[in-house]
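Q: Okay, here's what each chain looks like letter by letter:
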Amino acid sequence: EDKVVQSPLSLVVHEGDTVTLNCSYEVTNFRSLLWYKQEKKAPTFLFMLTSSGIEKKSGRLSSILDKKELFSILNITATQTGDSAIYLCAVEARSNAGKSTFGDGTTLTVKP
Amino acid sequence: NAGVTQTPKFQVLKTGQSMTLQCAQDMNHNSMYWYRQDPGMGLRLIYYSASEGTTDKGEVPNGYNVSRLNKREFSLRLESAAPSQTSVYFCASSGATGRYGYTFGSGTRLTVV
Chain A
-19 EDKVVQSPLS
-9 LVVHEGDTVT
1 LNCSYEVTNF
11 RSLLWYKQEK
21 KAPTFLFMLT
31 SSGIEKKSGR
41 LSSILDKKEL
51 FSILNITATQ
61 TGDSAIYLCA
71 VEARSNAGKS
81 TFGDGTTLTV
91 KP
Chain B
-11 NAGVTQTPKF
-1 QVLKTGQSMT
9 LQCAQDMNHN
19 SMYWYRQDPG
29 MGLRLIYYSA
39 SEGTTDKGEV
49 PNGYNVSRLN
59 KREFSLRLES
69 AAPSQTSVYF
79 CASSGATGRY
89 GYTFGSGTRL
99 TVV
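Chains as they are written, first to last, in the numbering used here: chain A, -19 to 92; chain B, -11 to 101.
Hints may be right or wrong, so weigh each one.
Listed below are the simulated SDA-like cross-link pairs for lysine to any residue, each with C-alpha atoms no more than 25 Å apart in a straight line [claimed, not checked]:
hint, chain 1, residue 1, chain 2, residue 2
1, A, Lys20, B, Ala12
2, A, Lys20, B, Gly28
3, A, Lys21, B, Arg97
4, A, Lys79, B, Asp44
5, A, Lys17, B, Met29
6, A, Lys(-17), B, Gly28
7, A, Lys21, B, Ser94
8, A, Lys(-17), B, Asp44
9, A, Lys79, B, Ser63
In silico negatives: residues of chain B with every beta carbon more than 10 Å from chain A [what the hints assert, rightly or not]:
hint, residue
10, Thr(-5)
11, Pro(-4)
12, Phe(-2)
13, Val48
14, Leu57
15, Glu67
Cβ pair distances, simulated, as ranges [stated by the list, open to error]:
hint, chain 1, residue 1, chain 2, residue 2, range
16, B, Asn16, A, Asp(-3), 35 to 43 Å
17, A, Asp(-3), B, Asn58, 45 to 53 Å
18, B, Asp44, A, Lys20, 26 to 34 Å
19, A, Thr87, B, Thr(-5), 25 to 33 Å
20, B, Tyr88, A, Glu(-5), 28 to 36 Å
21, A, Pro92, B, Asn16, 36 to 44 Å
22, B, Ser6, A, Val(-7), 40 to 48 Å
23, A, Lys(-17), B, Ser94, 27 to 35 Å
24, B, Val101, A, Thr0, 36 to 44 Å
25, A, Gly62, B, Gly(-9), 20 to 28 Å
26, B, Lys59, A, Val(-8), 38 to 46 Å
What the hints contain is simulated information worked out from the structure, not anything from laboratory work.
Note that the coordinates shown come from a computational prediction; the quantities given were computed from them, not determined experimentally.
Glycine included, every Cβ here is placed at the ideal spot set by N, Cα and C.
Please model the entire structure based on the sequences and the hints provided.
A: So this is what it looks like as structure tokens:
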């Protein structure tokens, strides 16, 4: 059974801080790892990673995958209050017809 | 706006009542999914449809049924609601390559009393 564990479960920082969110996984026949941001409503897609060591970057957010050690990190630099959200990590296996297994999420609170 | 549309946004049911959650996407995606999200937990897959005409069980299918009516629409039915089904339900869809992950609907907050 596929499994995704995120840490920490929650995090409180101040504006301007840098944060690192962790995601470890177990999946048979790995295809991809995905990060989503969930504010008040539905999750929105951030990154999809398939290859080890290649950083994906979007503004102040970046993510990298380590397929040997089975984990990924999501970095947010110079945090803003608008970064407050639940960050979800998910994995997809090649045999799963697009199904994703999600972790429980990390709740990030950024204080002014 | 293109995307995934879910109805209703809120619903309160009495134990034993039935209801259908509707979902439609206009992005020409093949795959559609129903997830539930409980407080402090991630998303758990209820059912999915890899393509029109096919449906399969996910991690937590008990108490639910689904219908993939056509390529656009994928509905979720609760035949006899139970308090344990109180949750937020999300419909999602994804394209053939999956490069952009899922596109989610805005969710249905269901309370069973």
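Q: Confirm or reject each hint.
A: Consistency of the hints with the structure:
no.	hint	in the structure
1	A:Lys20 <-> B:Ala12	21 Å, holds
2	A:Lys20 <-> B:Gly28	14 Å, holds
3	A:Lys21 <-> B:Arg97	10 Å, holds
4	A:Lys79 <-> B:Asp44	11 Å, holds
5	A:Lys17 <-> B:Met29	14 Å, holds
6	A:Lys(-17) <-> B:Gly28	16 Å, holds
7	A:Lys21 <-> B:Ser94	6 Å, holds
8	A:Lys(-17) <-> B:Asp44	20 Å, holds
9	A:Lys79 <-> B:Ser63	17 Å, holds
10	Thr(-5)	14 Å, holds
11	Pro(-4)	14 Å, holds
12	Phe(-2)	12 Å, holds
13	Val48	12 Å, holds
14	Leu57	19 Å, holds
15	Glu67	24 Å, holds
16	B:Asn16 <-> A:Asp(-3): 35 to 43 Å	41 Å, holds
17	A:Asp(-3) <-> B:Asn58: 45 to 53 Å	48 Å, holds
18	B:Asp44 <-> A:Lys20: 26 to 34 Å	31 Å, holds
19	A:Thr87 <-> B:Thr(-5): 25 to 33 Å	28 Å, holds
20	B:Tyr88 <-> A:Glu(-5): 28 to 36 Å	30 Å, holds
21	A:Pro92 <-> B:Asn16: 36 to 44 Å	43 Å, holds
22	B:Ser6 <-> A:Val(-7): 40 to 48 Å	45 Å, holds
23	A:Lys(-17) <-> B:Ser94: 27 to 35 Å	28 Å, holds
24	B:Val101 <-> A:Thr0: 36 to 44 Å	42 Å, holds
25	A:Gly62 <-> B:Gly(-9): 20 to 28 Å	21 Å, holds
26	B:Lys59 <-> A:Val(-8): 38 to 46 Å	44 Å, holds
This entry satisfies every hint, going by the numbered hints stated previously.
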